[in-house]
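Use the sequences and the hints to build the structure in full.
These protein sequence lines map, in sequence, to chains A and B. Residue 366 in this note's numbering is what sits at position 366 of the first sequence, and the numbering runs on without skipping anything. Residue 405 in this note's numbering is what sits at position 4 of the second sequence, and the numbering runs on without skipping anything.
Hints in this document: simulated from the structure, not taken from any laboratory. From a predicted model like this one, the values you see are computed outputs, not experimental measurements. Don't be surprised by glycine CBs; every beta carbon is placed ideally from N, CA and C.
In silico contact screen, one side only, chain A against chain B (beta carbon under 8 angstroms); selected entries: (1) V18; (2) H82; (3) F142; (4) T168; (5) M170; (6) R172; (7) A179; (8) G185; (9) F209; (10) T216; (11) N260; (12) G323; (13) A375; (14) D385; (15) L389; (16) L390.
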Amino acid sequence: MVVVDLEKCVGCGECEDVCTFGAISIVDEKAVVDPDTCTLCGACEEACPEGAIEIEGEDISPAGGMDLDAWRGVWVVAEFRHDRFAPVTFELLGKGRQLADDLETDLTAVLMGSGVGEYAESLIERGADKVLVVDSPRLEQFLDDVYARILADMAQKEKPEIILAGATAMGRAFIPQVATILETGLTADCTGLEIAPEGRDLLQTRPAFGGNLMATIICDSTRPQMATVRPHVLKAMEPDASRQGEVIKIDPHEDLLKSNIKVLESVMEEAEGPMLTEAEVVITAGRGVENPKNIALIEKLAHCMEGGVGATRAVTDAEWLPGRCQIGQTGVTVSPKLYMGFGVSGAIQHLVGMQGSEIIVAVNKDPDAPVFDVATYGIVGDVKDILPLLVRRICQERGND
Amino acid sequence: MDIVVCIKQVPDAASVKWDHKTGTLIRDGVQSVINPFDYNAIEAALSLRDELGGKVTAVTMGPPQAQDAIREAMSMGVDHGVVISDRAFAGADTLATTYTLSRAIRKLGSVDAVFCGKQAIDGDTAQVGPGLAVRLGLPCVTCVGEMEIMEGGAGLRVKRMCEQGYDVVEVGFPVLLTVLASLNTPRVPSLKGKMRARKADIPLWSAEDIGAQKDKIGLAGSPTKVFSTHIPKFEARREMLPGTAEEQVDALVDKLKEAGII
Ligand SMILES: Cc1cc2nc3c(=O)[nH]c(=O)nc-3n(C[C@H](O)[C@H](O)[C@H](O)COP(=O)(O)OP(=O)(O)OC[C@H]3O[C@@H](n4cnc5c(N)ncnc54)[C@H](O)[C@@H]3O)c2cc1C
Ligand SMILES: Nc1ncnc2c1ncn2[C@@H]1O[C@H](COP(=O)(O)O)[C@@H](O)[C@H]1O
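This is the structure in C-alpha cells:
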C-alpha cells in the first residue's frame, strides 16, 4: 500500500494531480490515499517532490545496493490466449529448464488468465517445476496494466532472478511495464540466452542494426533479469507426462485488478495456415508477382507447405494482401526455417525483417537484385515461369493438392 | 487537449552501410531521420488536436541536433517542441529513457494523451511507450492500428493489433498509445509550417532543468549493459541455381529435400 510520510508531506498536491485513479486528495494540507481506489501504480511516489510517498512492499532500490542473492529461481511467463498456449511458451520452458539446471534452481511457469487452471499440468510436462496460476474472470481479456501489476507484485514477493516472456504482441506490451515497475533491466527480442561462465548473470543476445550485429546484454546490478524472446529460435522439450511438479494458486489483491482500459471484443482474423511469426515456412510475395492473380499461387504454395504468406510493403500498399502480412522494418519480423521471396527486390527495410531465416530462397528476374546478397539459393528468372512450376512440383511431392 | 508526441531521431536504415570485412558500421554519410513510426504518432496527435482542440508538443531526448527532428514535426503542424539533451543522458537504456522522458513531460504540465511510435528502428525494443506509461501513471494501449474518438470526447476507441487479429479497446483520457504505420498516413509539411518551424525557438532542457535524479539517468540509471558484440557469420550463402526454369525448380526442390523441408 501507499504510505504518506506526514512529516515530509507539504500538501502541494502534485500527487493528487498525477493520480489518474482519483485516489488521492489533500485534506488539511496532507495527502490522503484512498486504498480502495488506489492501484499502486506508483505515479504519486514518482511525482512527490518531497519524497514523502512510498509504496510499501516495494523494497527494490534501483541500481546499486540491491542484494542480488535474495533473488533465486527462473520464471517463464506462459502466454495463453484464445484457448491455446503460444508455442513460444514451450520454447521458453525448454530454455528455462536448461538455465535453471545451470543455476541449480527451480523453473517456475506463471500462468495468468480466466479458466486457465486446468492447463497448468501441461507446463509441468514441458519442464516447469512449479506453476503459479492466477485464474480470474477479470483476466479473460488481456489488460496490459492488470497483467503487469499482478506479475510485478508476484515478482516482488517471490523474488525470481530471471523472468522470460515471449516477444509477442502481448509480451512486448506488458513486460516493459513490469520491468519499469520493478525498476530493472529488460532486453527485447532476444535470440540467445546463456548463464555467464562465472557468477549467475544471464547473457542475453539480440540482433542490433537490423541483424548486422549481435549484441550480448547483461543486467548485473538489479534483479530480476528480464528478457522477451523471439518466437521460434529456442527449442521446446517434448512433453513428458511423468514429470512431477507443484501447482500453486494465487489470488491477486483486488486492487491489482482495476484497469482504466476496457476490451470490448477480441477478434481473431481467419487466416489460413499458421501465424506468420510462428510459421516454419514463409512464402513471400513482392511487387514482382506482378498481378493479384498470382497471389493465389503464392497462397497455394504456402498452403501445400503448411506455411504462412508474407508480403513486401509494395504488395500490402497495393492491397494485394492485408497489412498484417507485411514483413520488415514497419511490419513483422520472421525467422522461419525457410523463407521464399518471389519478385522481392530486397530493400533493406524488408531484409531486416527476414534476415534471420535459416534458408532464404529468392526468385527475381534481375540478377543484380540486392535480395540475392542474403539468399541461400537464388534463382534468376521470371516469377510467372518459376512459381507455377514450383507449386506443381511441391504440391505433388507433398501429395497435397 | 494537451497532447504530447515522443519522437526519436534514428539513423536512416537506407544510408547505413556495413564494412563486412572489418565488421564495422560505416558512419560516413549516415543520415538521421525521424523514426518512421513516429510520423504516425505525430499524425495521430495532430488529428486528435484537430478534432478536439488544444495543442501538441513534440518531445525528444537526444543530442542537440535532434532539434532538426522537432523542426520537422513542427513543419507538419506540431505546436511546440522540446529537446531533452545533456551529456549525462548518454548511454540510457529504456529504463533511463522512460524516466527522463517522464520528467520532461511532467515539467510540461498536465497531459491528456501521449503518443509514441510502436518501436524505434535503431533498437526495435518497443519498450519506451509502455514503460513511459507506467512512469506517468497512464493506461497504455500498444500497437494501435485504428483510432476513433468516443462519443462526447471522453476517450478513445482503438484497435490493438496482435498476431491473430485485434482487440477493440476503449480507454478514457489521459492515455498513452503506441501506434503502427497502418494507423494513418502522415501529412506532408505545409509551406507555412516550414516557415514557422524554421523560426521556432526550440528549448534544450538539461538534466537539471527537468529535475532528474543523477542515478536514474544515462548509464548510471541503466541496468542493462552491452557485454559484448559480434558480427553474425553468414556461411557460404548465395548459391545461384542455373539452367532453364524446369532445371532451376528441380534443383531447388532437391535442395529443399536435402534440408528436410519437403
Ligand atoms: C520508412 C520505410 C519503411 C519501410 N518498411 C518496409 C517494410 O517493413 N517492409 C517492406 O517490405 N518494405 C518496407 N519499405 C519499402 C521498401 O523500401 C521497398 O520499397 C519495398 O520492400 C519494395 O517491395 P518489393 O521488393 O516488393 O518491390 P520492388 O522494390 O518494386 O521490387 C520488385 C522486384 O521484383 C522483380 N520483378 C519484377 N517483375 C518480375 C517478374 N515477372 N519475375 C521476377 N521478378 C520480377 C524486380 O526485378 C524487382 O527486384 C519501407 C520503406 C520506408 C521508406
Ligand atoms: N530518445 C527518445 N526521445 C523521444 N522519444 C523516444 C525516445 N526513444 C524512444 N522514444 C519513443 O518510444 C517509441 C519506442 O521506442 P523504443 O522503445 O526505443 O523501440 C519511439 O517510437 C518513440 O515514440
